[in-house]
Amino acid sequence: MENYNIVIIGGGPAGLAAAVAAYDAGERSILILERDSQLGGILNQCIHNGFGLHTFKEELTGPEYAKRYADQVVERNIEYRLNTMVMDISKDKVVTAMNRTDGMFDIQAKAVILAMGCRERSRGALNIPGYRPAGIYSAGTAQRLVNIEGYMPGRKVVILGSGDIGLIMARRMTLEGAEVQVVAELMPYSGGLKRNIVQCLNDFNIPLKLSHTVVDIEGKERVTGITIAEVDSRNKPIPGTEEHYECDTLLLSCGLLPENELSRNAGVEISRITNGPTVNESLETSIPGVFAAGNVLHVHDLVDFVSEEAAAAGRNAVAFVNGELAQDTEGEIALTVEGGPRYTVPSTIDPKKMTDQLTVRFRVGSVMKNKWVNVYIDDEKVIRKKRQVMAPGEMEEVVLKKSMFENHADAKRISIRVEEA
Amino acid sequence: MYDVVIIGAGVTGCAIARYLSRYQVNACVIEKDEDVCTGTSKANSAIVHAGFDAANGSLMAKFNVKGSEMMPALSKELDFPYDMCGSLVVCVAEEELPKLQALYENGVKNGVKGLEIVDRAKLLEMEPNISDAAVAALWAPTGAIVCPFNLTIALAENAAVNGVEFKFNTEVANIEKQADGTFKVIAKDGTVIESKAVVNAAGVYSDVFHNMMSEKKIQIVPRKGEYLLLDHNTDGFVKHTVFQLPGKYGKGVLVSPTVHRNTIVGPTATDIDDPEGTNTTAEGLQEVIEKSAIAVKDVPTRQTITSFAGLRAHEVSHEFVLGEVAENPGYFDAAGIESPGLSSSPAIGEYMSDLIAEKLGLEKDPTFVGVRKGIVKAEELSKEERNELIKANPAYGQIICRCESISEGEIIDAIRRPVGAKSLDGIKRRVRAGMGRCQAGFCSPRVIEILARELGVEQSEITKSGGDSKIIVGVVKDRI
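These protein sequences, in sequence, are chains E and Z.
With this note's numbering applied, the first sequence covers 1 to 421.
With this note's numbering applied, the second sequence covers 422 to 901.
Treat the hints with care, as some may be off.
Partial pick of chain E residues on the chain Z-facing surface, computed with a CB cut under 10 Å [as the list claims (entries may be wrong)]:
| no. | residue |
| --- | --- |
| 1 | Ile-107 |
| 2 | Glu-120 |
| 3 | Gly-130 |
| 4 | Tyr-151 |
| 5 | Met-152 |
| 6 | Glu-176 |
| 7 | Ala-178 |
| 8 | Glu-221 |
| 9 | Gly-225 |
| 10 | Gly-240 |
| 11 | Asp-248 |
| 12 | Gly-267 |
It is worth saying that the hints were derived from the structure and are not from the lab.
All values derive from a computational prediction rather than experimental measurement.
Glycine residues also receive a C-beta, built at the ideal position from the N, C-alpha and C atoms.
Based on the provided sequences and hints, a complete structural model is requested.
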C-alpha cells in the first residue's frame, strides 16, 4: 500500500489551497486526488469575473483564479492524480481510489483533507410536479454545457431559484443569445449575492419574482411551457396566481448540498444544518486527522474564503501529522447561536488550540436589518458588530482573538447572538 | 414476410419475443418509441407480487403465481437484479382482520406458498418502522423486488441474440388482414410490414389494436400511479415490500426497498384520458406522502431524489386479455396487462409463445441460447476482479456517474450491446448512470459525449429519450 502523510480529496479551490498551505508549512508528502481531467474544480466553468478580490486584490475569472493555485501546486511539485475517483475513505484513513491506469488502489494517509465540494439540488429533490421532458437542467449543468462545451441547452428560459449560479447563468444565457424570461424564487428573499442580482438580472431587465415557484412543467419530449405561481407564507402555491411561460428550458438554482457521501461512509459526523461535517477550531472532523474545508464543509459564496479556510485546514493537517495538534477534547467549548444565525463553522473551539485569530462563519435564516452581531464568552460581550443587512444568501463572519479568552480560563460557552443593540 | 410481428417493446412484448425465440421463427418487435421499456414497464412499483391478491380463478391469479415462480430462475438465466425480500400486507384496524384472513385464504387458493398471518410483535420484529396502528400482517415470503428495466432489457437482448429483430421509432397506424390470412402492419411513416401472425402487446394502446381486429370491444382506461423514489441513505428503512390492507383509508400505497438500495413509495391510482399523461401532480405527490404514513411511520420522504408517474393499462373488466382473437385467426392479444403484469410477464411470454408456435406449427430451435450475461456490475466486484477488468479495459477505471459509481466501461457496454442504448434515459435504465441523487447533473454532459462518440453522431443529436427530446439545441451565440 502507498503511504502519504496528507491525502487531499478533491483538486478544486479548497484542495489546491490546502495543498499549498500544507507544503508551505513544511510538509512534503502530499497527494491530491481529483476526479476531473484537470485541477481547479468547478471554477473552470465559472468564466465570469469577480473572483479573487480578497485574495489577490484584483478581479479574476474562475479559471484564472484556479490557475493561480494550480500553478502554485505545480511550482511546489506537489503530487496530484487526475481522473481519479475516490471510492472510499476508511476510519483508519485508508483512501481507496480508482483510475484508468492504476486501477483500484489503496493509500494509507496520516491525515485526510476532505475537499469534495458540493452538488446542486435536483428537480427530483424539489418534487416539482409535471412532465419529465428534456430541457430541465441544474444551472451548473447548463453552465458546463455553455462554458466548457460551447453548446446551447435552450433558447427560451425560465429559471427557478435565485442561487448565485442561477443568476450568473441568467446573464450568460442572455449573452449567448437565449431569452431569459423570469427568475422565480420560492423564498421572500434571494438566495444569491446582492451584486449578482444587480449585475446579472437588473442590468439585463430580467424580472425576479420572489415568493414564487414552479407548479407545472409541460412538454412530453422537450419542455414547452412552465407555470409559476405565488406562494403563501407556508410556501404553498396560491390558487389564481398562476402565470404561464412558453419556454423550452427550465434552469434550477435551488441550493447547493455539500457532497459528503465519502465522509458519511467513513463515519464522520455530519451537521443536519450545513450537511457538512461538524468541525472544531482546527477544521478537524469527528475523526481525528480528518479535516474538511470549502463547500464540502459548508457552502460558501466567495471562493476567496474557501481558499482561506482550506489553507487553515492544510496547516492544521501538517500539525496533526507532526503530532503538534493536541487531541484532548477537555477544553472544547461549544459555539451556540441565538436570534438569527443558523449554525457556525467551526461548531466548537478549544482556546488553547486556536490560532491568534480565528474566523467563525455563519449564515442567518432570514433577512435581518439594522441588527448587532454580538459574541459572548460566557456572559461577557467580546465582540459587537453593527450589520445593516444580513441575508441567508450572504455568509457572515466574526473574528475571535485568542486574547479574548485570557480572562475566561474555564469558559463554558461561546455564543453568537443577533440582537437589537 | 415475418412469421410473427409483436407490437410493443414493453416487458410483455419482450417476454413474448424472448420465449418465442426458443422456436425457429422469423419475428420482429415493433415499438413506437426509441427503446424498449419506455411505457408502463418503466414506471411501476418494481415488484414481483407473490400472487395472493388477484381473484382466485382469474387469469391474473394464474399468471401472477406462475410468473412469480419463474422469476428466480429467470433472473439467474438472464442476469437481472431480483431479490425475494418478501412482502407484508399490513392491517391497521382490528375490525379489518377478517379482510386480512380473506386475503390469506385467497392467496392459499391461488397456490401462493408460505403465506402466514403474523401478529404485531412479529411484525415489529420484521419491520421496526411499522405504524403504531399496525395490528397484524399477511406475510408472503415469495414476494420480491426486481429491476423492471433490466428485466425488460434482458428479455429483449436475449430475444435479439436468438434472432428476433427490433424496429424502433415505428408507430403502427393500421393493420390489414389479407385474403391469404396474413397481415399487413402499416406504420405511420408508410412502412409496410407483412406477417403471418401479429401480437398486440401495446400496453395502454392495446385496446386500439384489439378493437381494430375484433367486434368484442375492450377499453383501456390509463390509470396513473405517482411515486417517490428516495435516496440510498434510506437503504434498510423497510426490509420488505410493505403494502397496506385496502380498508377504511382506501387502497394505500406501498413502501418498499428497491434492488438498487433506494426506497420506493407509491402509487396513487387516478383514471385519466391521455395515454401519454405521465405528468406528476402536486395533489398526487402529496397523497403519496400522506398515505405512506398509514402503514409505516416517519417515511423519510424528504430524502426524495425523484418523483415520477406511470400509467397502468387498466382494462375496465380488470382482467388480462390473452389469446387469439376469434374473428381473426393469427391475431393475438396480450392486452390489459396492468398489475400484476410485470410479475406475470415470464408466464405470459411462455404461454403466448407456445400458443403462437402451435398456431404456426413452429419447431423448437436447437440453437436457442437461454442465458444472457448482463452488463458487469463493477460495484459488486472484488478489488482484484475490478483491477483485472480495468487492466483489460481501462474504461472500467473511469467513473462517469459519481452518485451510482458507474464507469465509462459500463456505459460503453450499454451502448454496444444488442438492442443497445441510444439516449440518456436508455443509459440510465441499463446501468443507472444519472439515476442517483444528483439526477444526472454531473454526468449528463459526459454521457452525451460518450453516446455521440460511440454512435458516431454529433452531440447535438443525442436525446434524453428519443423524438424531440434533444438536450442541446445549438452552439453558443448561433442566433446572435
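Here is what the structure says about each hint:
1. Ile-107: Since the shortest Cβ distance to chain Z is 13 Å, the answer is violated.
2. Glu-120: holds (5 Å)
3. Gly-130: At 5 Å from the nearest chain Z Cβ, Gly-130 of chain E passes the 10 Å test, so the hint holds.
4. Tyr-151: Status holds, d = 4 Å.
5. Met-152: Status holds, d = 4 Å.
6. Glu-176: Holds, about 4 Å.
7. Ala-178: Since chain Z brings a Cβ to about 8 Å from Ala-178 of chain E, closer than 10 Å, the hint holds.
8. Glu-221: Holds - the Cβ of Glu-221 of chain E comes within 10 Å of chain Z, reaching about 4 Å at its closest.
9. Gly-225: violated (12 Å)
10. Gly-240: violated (15 Å)
11. Asp-248: holds (7 Å)
12. Gly-267: Where the cut-off is 10 Å and the nearest Cβ of chain Z is about 14 Å from Gly-267 of chain E, the hint is violated.
Checked against the numbered hints above, the structure violates hints 1, 9, 10, 12; every other hint is satisfied.
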